[in-house]
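Here's the letter readout for the chains.
2 protein chains.
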Amino acid sequence: MSNLKRTHTCGELRKSDAGIEVVLAGWVDSRRDHGGLIFIDLRDRYGITQIVFNPDYGGTELHKHASELRSEYVIAVKGKVTERPAGTANPNLQTGEIELLVNEMEILNRAELTPFEITSNTDVSLELRLKHRYLDLRRGEMQKHLLFRHKLCQIIRQFLDKNNFVDIETPFLTKSTPEGARDYLVPSRINPGNFYALPQSPQLFKQILMIAGFDRYFQIVRCFRDEDLRSQRQPEFTQLDLEMSFVDENDIINIIESLLVEIFDKLMGKRLKTPFPRITYDDAMALYGCDAPDLRFGMTIKDITDIGKQTDFKVFKDVAQSGGLVRGINATGCAGFSRKEIDELTALVGQFGAKGLAWFKVEENGLSSPIAKFFTQELQTNIKNRMEVKPGDLLLFVADKASVVRQSLAQLRLNLGRRLGLMKKDAFNFSWVVDFPLLEFNEELGRYDSLHHPFTSPKPEHLSILEEKPLMVKARAYDIVLNGIELGGGSIRIHDTEVQKRVFRLLNIDDVSAQKKFGFLLDALKYGAPPHGGIALGLDRFTALLLGLDDIREVIAFPKTQRATCLMTNAPSEVDGQQLKELGIAIK
Amino acid sequence: MSNLKRTHTCGELRKSDAGIEVVLAGWVDSRRDHGGLIFIDLRDRYGITQIVFNPDYGGTELHKHASELRSEYVIAVKGKVTERPAGTANPNLQTGEIELLVNEMEILNRAELTPFEITSNTDVSLELRLKHRYLDLRRGEMQKHLLFRHKLCQIIRQFLDKNNFVDIETPFLTKSTPEGARDYLVPSRINPGNFYALPQSPQLFKQILMIAGFDRYFQIVRCFRDEDLRSQRQPEFTQLDLEMSFVDENDIINIIESLLVEIFDKLMGKRLKTPFPRITYDDAMALYGCDAPDLRFGMTIKDITDIGKQTDFKVFKDVAQSGGLVRGINATGCAGFSRKEIDELTALVGQFGAKGLAWFKVEENGLSSPIAKFFTQELQTNIKNRMEVKPGDLLLFVADKASVVRQSLAQLRLNLGRRLGLMKKDAFNFSWVVDFPLLEFNEELGRYDSLHHPFTSPKPEHLSILEEKPLMVKARAYDIVLNGIELGGGSIRIHDTEVQKRVFRLLNIDDVSAQKKFGFLLDALKYGAPPHGGIALGLDRFTALLLGLDDIREVIAFPKTQRATCLMTNAPSEVDGQQLKELGIAIK
Numbered sequence: 014m015s016n017l018k019r020t021h022t023c024g025e026l027r028k029s030d031a032g033i034e035v036v037l038a039g040w041v042d043s044r045r046d047h048g049g050l051i052f053i054d055l056r057d058r059y060g061i062t063q064i065v066f067n068p069d070y071g072g073t074e075l076h077k078h079a080s081e082l083r084s085e086y087v088i089a090v091k092g093k094v095t096e097r098p099a100g101t102a103n104p105n106l107q108t109g110e111i112e113l114l115v116n117e118m119e120i121l122n123r124a125e126l127t128p129f130e131i132t133s134n135t136d137v138s139l140e141l142r143l144k145h146r147y148l149d150l151r152r153g154e155m156q157k158h159l160l161f162r163h164k165l166c167q168i169i170r171q172f173l174d175k176n177n178f179v180d181i182e183t184p185f186l187t188k189s190t191p192e193g194a195r196d197y198l199v200p201s202r203i204n205p206g207n208f209y210a211l212p213q214s215p216q217l218f219k220q221i222l223m224i225a226g227f228d229r230y231f232q233i234v235r236c237f238r239d240e241d242l243r244s245q246r247q248p249e250f251t252q253l254d255l256e257m258s259f260v261d262e263n264d265i266i267n268i269i270e271s272l273l274v275e276i277f278d279k280l281m282g283k284r285l286k287t288p289f290p291r292i293t294y295d296d297a298m299a300l301y302g303c304d305a306p307d308l309r310f311g312m313t314i315k316d317i318t319d320i321g322k323q324t325d326f327k328v329f330k331d332v333a334q335s336g337g338l339v340r341g342i343n344a345t346g347c348a349g350f351s352r353k354e355i356d357e358l359t360a361l362v363g364q365f366g367a368k369g370l371a372w373f374k375v376e377e378n379g380l381s382s383p384i385a386k387f388f389t390q391e392l393q394t395n396i397k398n399r400m401e402v403k404p405g406d407l408l409l410f411v412a413d414k415a416s417v418v419r420q421s422l423a424q425l426r427l428n429l430g431r432r433l434g435l436m437k438k439d440a441f442n443f444s445w446v447v448d449f450p451l452l453e454f455n456e457e458l459g460r461y462d463s464l465h466h467p468f469t470s471p472k473p474e475h476l477s478i479l480e481e482k483p484l485m486v487k488a489r490a491y492d493i494v495l496n497g498i499e500l501g502g503g504s505i506r507i508h509d510t511e512v513q514k515r516v517f518r519l520l521n522i523d524d525v526s527a528q529k530k531f532g533f534l535l536d537a538l539k540y541g542a543p544p545h546g547g548i549a550l551g552l553d554r555f556t557a558l559l560l561g562l563d564d565i566r567e568v569i570a571f572p573k574t575q576r577a578t579c580l581m582t583n584a585p586s587e588v589d590g591q592q593l594k595e596l597g598i599a600i601k
Numbered sequence: 014m015s016n017l018k019r020t021h022t023c024g025e026l027r028k029s030d031a032g033i034e035v036v037l038a039g040w041v042d043s044r045r046d047h048g049g050l051i052f053i054d055l056r057d058r059y060g061i062t063q064i065v066f067n068p069d070y071g072g073t074e075l076h077k078h079a080s081e082l083r084s085e086y087v088i089a090v091k092g093k094v095t096e097r098p099a100g101t102a103n104p105n106l107q108t109g110e111i112e113l114l115v116n117e118m119e120i121l122n123r124a125e126l127t128p129f130e131i132t133s134n135t136d137v138s139l140e141l142r143l144k145h146r147y148l149d150l151r152r153g154e155m156q157k158h159l160l161f162r163h164k165l166c167q168i169i170r171q172f173l174d175k176n177n178f179v180d181i182e183t184p185f186l187t188k189s190t191p192e193g194a195r196d197y198l199v200p201s202r203i204n205p206g207n208f209y210a211l212p213q214s215p216q217l218f219k220q221i222l223m224i225a226g227f228d229r230y231f232q233i234v235r236c237f238r239d240e241d242l243r244s245q246r247q248p249e250f251t252q253l254d255l256e257m258s259f260v261d262e263n264d265i266i267n268i269i270e271s272l273l274v275e276i277f278d279k280l281m282g283k284r285l286k287t288p289f290p291r292i293t294y295d296d297a298m299a300l301y302g303c304d305a306p307d308l309r310f311g312m313t314i315k316d317i318t319d320i321g322k323q324t325d326f327k328v329f330k331d332v333a334q335s336g337g338l339v340r341g342i343n344a345t346g347c348a349g350f351s352r353k354e355i356d357e358l359t360a361l362v363g364q365f366g367a368k369g370l371a372w373f374k375v376e377e378n379g380l381s382s383p384i385a386k387f388f389t390q391e392l393q394t395n396i397k398n399r400m401e402v403k404p405g406d407l408l409l410f411v412a413d414k415a416s417v418v419r420q421s422l423a424q425l426r427l428n429l430g431r432r433l434g435l436m437k438k439d440a441f442n443f444s445w446v447v448d449f450p451l452l453e454f455n456e457e458l459g460r461y462d463s464l465h466h467p468f469t470s471p472k473p474e475h476l477s478i479l480e481e482k483p484l485m486v487k488a489r490a491y492d493i494v495l496n497g498i499e500l501g502g503g504s505i506r507i508h509d510t511e512v513q514k515r516v517f518r519l520l521n522i523d524d525v526s527a528q529k530k531f532g533f534l535l536d537a538l539k540y541g542a543p544p545h546g547g548i549a550l551g552l553d554r555f556t557a558l559l560l561g562l563d564d565i566r567e568v569i570a571f572p573k574t575q576r577a578t579c580l581m582t583n584a585p586s587e588v589d590g591q592q593l594k595e596l597g598i599a600i601k
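Order-wise, the sequence lines are chains A and B.
Under this note's numbering, the first residue of the first sequence carries the number 14, and numbering increases by one thereafter.
Under this note's numbering, the first residue of the second sequence carries the number 14, and numbering increases by one thereafter.
Chain A extracted, bound-state conformation:
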């Protein structure tokens, strides 16, 4: 046990404390020996305080002891708070007007030389940081990220509590839910041959809670997906999950907008403008080529398929006449792009299947392009009007089948946005994407899949064409998008047994397997289910975006790698044969 009991943190002493005796504890952040004095920056989570070992004050014995100190040693010191000598105050430190004259010290723990320096900004590899996460998390940046996340969660919880939402815990050892990804399975020892699944989301449980009459539910909850990991996915992730009864789309949208206003007010010092713009799925696909548009800038996609049909330029003409699309973007002010830059953009759209990128530079007296000759003056005028040009603009076109045109232009647009500095990190442009199709056709498996999940309600006015024209049916679903990233999505759910069964059938889930998989939901729906709906937001991604970070691993204390491993603990790892035997399983 330490003899020196901390009285203050390293972030709180001020000029007004001068003269009092205190005990601080923390880590040696840096040490400077200067004119017979030893200066230490003592660090804890709350700040840094300069402490001074002066042999004339603390004695030579203590001074000698202090000369042993190295970076990251943990010490407790007792001393007198003193105003710093004139001219030596440090305006960058909150405690910069004082220092501590030490007269007693205890070394609580020594430290070996750390594999990397503990500084806010670091350029060491993520691998090394993750392996020694206990050191990486000491860095000011990481402390800031996790404290921010803590505050964010507190604000969310308090807001939802104030709005009558009930935090209810749902199980982790549960049954497979059909969210499109693979489940993590957990073998049961007590029930050999049987498995739990870790939840991909609490979807069915929150619906059950609505049927149970809780009216408003929320949870900040861990979810699990066994995916082949892309950089922005983690095998376990956290979502803000909520559900409400007796509501329509607007109620969910309103509560989320109010929550975001509160978060931005309390945490970001910004006033968000509501309501957020709403864009239909069809418009988003047409104007931005994707269902998560980045609204920080314009440069929307424009269609010239009709013009393509009339030109002698074979590429446009063939595509336009065979049911494809000719669409493009006005890269405003980019007529000065070099050949090399245009080649880069061409290569980019090529990655998404486009066979080429046609371009026109807008000059004072017309369009300039190697292919301009294939377009009559009239067609050129039509293009200029359609693309809303002014001199100095660059027009870029892709002609191909719809999916290629959309995807390649969506990426082209984002690339231009980045090149031109239009995607500002401190701009937060929220939008809602609405009117999603209920289903999409899975070419590979030759069947319909839910665009969201099988519990999403079709629009009531489309119920009559559910079976005849399933792809025409719109869902009561909505996604929230921030700066081109889907933050989350939700829907009004089906609360009618018959409609639920019809949707299952459309999805090729016959009554027997529906009963086996979701029998409890179908049963529950029979006993008085209220209309209900909800939403889930990805908390890791949201936190990262608010902090202006690209990688969600910067806001997760102990993230996994892309190989789903933990470099610190070496999980997953091999286990005892005995353990597997008890579980009744074997490695194949």
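Please keep in mind that the hints were generated in silico from the structure rather than gathered at the bench.
Wrong hints could be hidden among the right ones.
Identical copies carry no separate label here, and so any pair may be met within one copy or between two of them.
Claimed, not checked - Derived DMTMM-like pairs: lysine to aspartate or glutamate, alpha-carbon spacing no greater than 25 angstroms straight-line:
hint, residue 1, residue 2
1, 594, 457
2, 539, 125
3, 374, 25
4, 175, 278
5, 514, 119
6, 283, 174
Please arrange chain B on chain A, whose structure you already have, making use of the hints.
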């Protein structure tokens, strides 16, 4: 979509609202037809409002429609708030002074006859309730329990936030931690042959967070233990987990006491007296026979081994002379117990290995008992003094080896407490048990086991005898006990690599396996670990105790059975062979 949009809940209308038009939505709780009127108790989470269908007001068409309504139908109604006729107010309802005269209704959903009635008090089996948990959770009692739990968690979070604790999420897909129980394993598909473990507690991660400098951490977190389940255990359970740096035992104890004061003040309307009593482990074992004493009543255990040695009563004498114990309880005022009652108590101690229960009734003029003749007057006087008797008391003794005496008298004491009504549900007697031994000897495996876990710090003054007299070493550990139930426990942790290695060696964990299992902790300790400690409280049990409930399943929304199954979803269940193949495992 409903045409009637809810304007108020069923719990909020009052006499002052009379005259306004509102829309309510909810469940048909009950229906009474009376004098041409239909009365419905409409229920939602917030309360019950009486709604009235009067053909003179709403028309005969609506009245006919209302006659279709059955229990648990979900409806929305529009109508006028009206003061109830004189003499018909219901003082038991918060809305009892008004009713709603309905002029429009929409049936949002119908309900089949429920398998049990939705009432606060029910006597249907737990199995049926768990199978239809969506109905069980509609009952007022269950709603109350989960709302209480929500509020409890909010208070805990806000208190800890105010006290500078940071809520940090730790991983669920992690590595085996050695907490004494079996781990649930999760096969890794991406790393075939490797397994994650679900955490039994975030123990090592919270220590890592202290080493990372977060100073104060907390989490309300799910934990997992694959145990053979007793009634009070769940395979997944929730704990309040916290950890602090630069602290000793008193700091942890103080923060928990302050938290409990806050909880009792805000949630129970009670003022808790602090500090809570602290009892050493040795005293608890001597006075109560167990390490989780119920302090709601006295009747402590008293030792008469020395007297036993001197008597002619062979049972006492033999045990006392061969190193056993003779101990007993003064069942004050119980001299009137019948033969049958004493037989029951004898049978009870028999269950815990005691071969008999000796008894004396205290009468005005001496002790009365079949065995009194073996005790001289002097010895009888000694017994009376030791047991602090008064006429009308009943003395009960067990003579056996120490473990049997302790356990049987502990159970005897609790049984007497229950019989005599001394364990009041509305009394909350907290205590701390301190000065635990660091280790216990595992007879079966012939080795030492940690009494808490291997990261618990020995008392520094006992470090010198760690290897020579390990069973004499006390730990810096503390348990919090409420009404005889261990709510949680914690300790000051080892923050010194060498001490940690010495403890591992004592536990027969050699350096190689220590490095393999906890290498990251040993590594982290090298780089400047602060002194730290913490505690974990079982939230399910705590919530149940506050509500005066015996079964934690009453405060868990979706609990498992003792066979670790979910009766609603049928988890765990069989899975696709394809899924197992992808995971690289097979059922044996």
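Hint-by-hint comparison with the structure:
1. 594 - 457: between (39 angstroms within a copy, 22 angstroms between copies)
2. 539 - 125: between (65 angstroms within a copy, 6 angstroms between copies)
3. 374 - 25: The answer is neither: 61 angstroms in one copy and 66 angstroms across copies each exceed 25 angstroms.
4. 175 - 278: both (16 angstroms within a copy, 20 angstroms between copies)
5. 514 - 119: between (71 angstroms within a copy, 23 angstroms between copies)
6. 283 - 174: both (23 angstroms within a copy, 23 angstroms between copies)
In this structure, only the earlier hint numbered 3 is contradicted, and the remaining ones agree with it.
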